[in-house]
Amino acid sequence: MSKVVSLEEALKFVKDGTTVMIPGFMGAGTPETLVDGLVEKNVKDLFLICTDTARPNVGIGKLIVNGQIKKLYASHIGTNPETGRMMNEGLIDVTLIPQGTLAERIRAGGAGLGGFLTPTGVGTVVEEGKQKMAFDGKEYLLEMPLRAEVALIRGTKVDKKGNVWYNAATRNFNTHMATAADIVIVEARELVEVGEIDPNNVMTPGIFVDYIVKGE
Amino acid sequence: MSKVVSLEEALKFVKDGTTVMIPGFMGAGTPETLVDGLVEKNVKDLFLICTDTARPNVGIGKLIVNGQIKKLYASHIGTNPETGRMMNEGLIDVTLIPQGTLAERIRAGGAGLGGFLTPTGVGTVVEEGKQKMAFDGKEYLLEMPLRAEVALIRGTKVDKKGNVWYNAATRNFNTHMATAADIVIVEARELVEVGEIDPNNVMTPGIFVDYIVKGE
Amino acid sequence: MDIRERIAKRVAKDFEDGDIVNLGIGMPTLVANYIPEGIEVILQSENGFVRMGPVPEEGKEDPDVVNAGGLPVTVLEGAAYFDSATSFGIIRGGHVDATVLGALQVDQEGNLANWMIPGKLVPGMGGAMDLVVGAKKVILAMEHTAKGKPKILKSCSLPLTAKKEVDMIVTEMGVFEITPGGMYLREIAPDTTVEKIQEVTEAEFIVDENLKVMED
Amino acid sequence: MDIRERIAKRVAKDFEDGDIVNLGIGMPTLVANYIPEGIEVILQSENGFVRMGPVPEEGKEDPDVVNAGGLPVTVLEGAAYFDSATSFGIIRGGHVDATVLGALQVDQEGNLANWMIPGKLVPGMGGAMDLVVGAKKVILAMEHTAKGKPKILKSCSLPLTAKKEVDMIVTEMGVFEITPGGMYLREIAPDTTVEKIQEVTEAEFIVDENLKVMED
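Protein chains in written order, with the working numbering: chain A, 6 to 221; chain B, 6 to 221; chain C, 5 to 220; chain D, 5 to 220.
This is chain A alone, in the form it adopts within the complex (with noise of 0.2 Å):
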């Protein structure tokens, strides 16, 4: 069975109320048909994990902007004006996470860990909730795994077995992500034959991976 489907087969996949997980920074690496299709598709409260929410126009800030998120888990809200007043008008419930914490969070879910401890956000807000341990002196915050129903990642080149090879800095959090979904779709800058990716640079194995949308 062919796991390339079409922009629409794949998203039937992300419904009102989906928890999704969509990699990026600033854009960079995030999968912009698959987003457009969303913003298209226009599916609401949409529960988001993403380490930040770009710029009103670009990548995952057009699903903000569109209002579909409901929930929202990031790192870095900033530079997307959009984010901030909605949060403050209580139009989405944002969790804010630290950027390594996150990364650390998504690949536990995906490897099977039950948790992890963490140096980053002792003494801080981050910390509020949740059980602290110490050794030799060091304290430490348990964080837990994160998972989504659906992963939408961006290859820069994806052969027709799924595996994945990522340019530059559009690596980010494609990896994680992809290995933390129930179901994960990527779309492909370049589709390729497989073969074409040495097996050895292989950045994200075809086992993870359940569809392949070619991107525009």
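Do not take every clue at face value.
[Unchecked claim] Example chain A residues on the side facing chain D (calculated, C-beta under 10 Å, incomplete): (1) Thr24; (2) Pro61; (3) Asn62; (4) Val63; (5) Leu96; (6) Ala108; (7) Ile111; (8) Lys135; (9) Gln136; (10) Met138; (11) Phe140; (12) Tyr171; (13) Asn179.
Derived by calculation from the structure, the hints in this document are not laboratory data. Here the structure is a predicted model, which means the values were calculated and not measured. The beta-carbon is built from N, C-alpha and C at its ideal position, and this holds for glycine as well.
Assemble the complex: chain A is given as a structure, and chains B, C and D must be docked to it using the hints.
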């Protein structure tokens, strides 16, 4: 300052009693030249962290046979009968660690995590002396990070800034051990010019590598 | 038909198209030879790759491409290599559909002992503890008895590999499924009887109302 | 000389050959322009690479190669890209020698507040909490006051980024070091006096016996 040094210079960091990490899976990925150098140097009482002790005349197995190991953390010793014999005679203090837990403990040691929760080992002797925590009805063991004084790793291609690329199944514990030791020495199967490894495909960034030895 | 072949063949029938499977060392490895036609099973090797292929022709061995037992193998088109933490993230994170392992003992609760005999054999657990905890389905491929003595017990006496994780047991005499409601004999070999199985099985088991004949 | 230039130039003098440095957004970014000749400083960008280079020529921007602020940059020879968990493993794991950040407030205990003003500005902590906890040395590059009001306080009133992690503060008026024995004024700008600094500094500080002039 060049990172490329002689075998002798590199091995001066390994003394009697040093804690050393050495990667490799039944020899694949083990730095043979560095191991042979240690056998030649005959430093004693090493605390060795590795996944298996290979066979008596292969890779890490040579250090066992030569009586250089006092304390051993490993996941599997069954293929080297000498390890078992020396353990039973009280010559080596062996701690057996599930392989996934061992990899994750080393990764945690390199990544500044204070520990992590894994379901592996629950209900077995592995849980002895460890804190247990349950979430959503699932039990986990709290496992602690591992670090070493020296890691001896092995790259297939290594550039002069210490960027490393590993071929096929030789990667195994190399990438994690490279992050979790005070001094990291890489044996280069092939020493290449900077730029020959695509920055995208670097598997261990050169910032982790202190010294490079050309392997045989 | 040889006992080991019968067991391997029956296990192989259990796979579905697209399954990601990890085969342990020994008899489980044979299972790869009996994957039904038209079904694609992706073999994971815990030392760091997916899409493992058959043993290479003599003279074509590559020391960098070895399986978890350190023996030369090949990889198929679409393979991907990764490091040990990623490999065990795949295993522990529930991305492996089935693992096939041998057993020293298994009991009617699904407890498994396959990694040591105190005072006698202490090879280490290697990746077995992670595999048994992490794989969606744990299948044991084992001879029914050891020198005539039962290996399928009421309660394991050897140190456990994992607690209550075994789903299915395939021996030369039949196929058992372990469920929360008890252990069921689902299939019986054509050359034996329920009585004969009971004689060499210490565990209590329920004979399936629709007991099938295990096909060769 | 411009205030910001003076601060950036002084910070840059603090680096040693081979240092791995993460520069925050804003004034800290300027520091890269003043690295002394003959010294190699490796810049880490937390969105996933090391050996960041300067801003590209106009028209040569690559949307895949951006810094943590989403702005186009370049990479130098010997660069390596990686994913976010690896990037923050580098940061939290103590592999970054120094991080240079801005501040809303800092206090004499080394507490830092630089990520939110409740009810007003909630951009999120991004990677700052990980950087401040993980980097070996935390240097603040900041203007001494905000609209004439002190930013170097007895005790921060804004939500903290991290507790007791700041090592050094560089402003246009001087250089402070925070030690377990108190905060020291180590250098003073040529165009000010200790009294003038005291007037705009709420924190208590000790004037170094060997107070030096901060060179432009």
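Now the hints, each set against the structure:
no.: 1; hint: Thr24; in the structure: violated (19 Å)
no.: 2; hint: Pro61; in the structure: violated (13 Å)
no.: 3; hint: Asn62; in the structure: violated (13 Å)
no.: 4; hint: Val63; in the structure: holds (8 Å)
no.: 5; hint: Leu96; in the structure: violated (14 Å)
no.: 6; hint: Ala108; in the structure: holds (4 Å)
no.: 7; hint: Ile111; in the structure: holds (8 Å)
no.: 8; hint: Lys135; in the structure: violated (13 Å)
no.: 9; hint: Gln136; in the structure: violated (18 Å)
no.: 10; hint: Met138; in the structure: violated (15 Å)
no.: 11; hint: Phe140; in the structure: violated (15 Å)
no.: 12; hint: Tyr171; in the structure: holds (8 Å)
no.: 13; hint: Asn179; in the structure: holds (7 Å)
Violation of the numbered hints given earlier is confined to hints 1, 2, 3, 5, 8, 9, 10 and 11; the remaining hints are satisfied by the structure.
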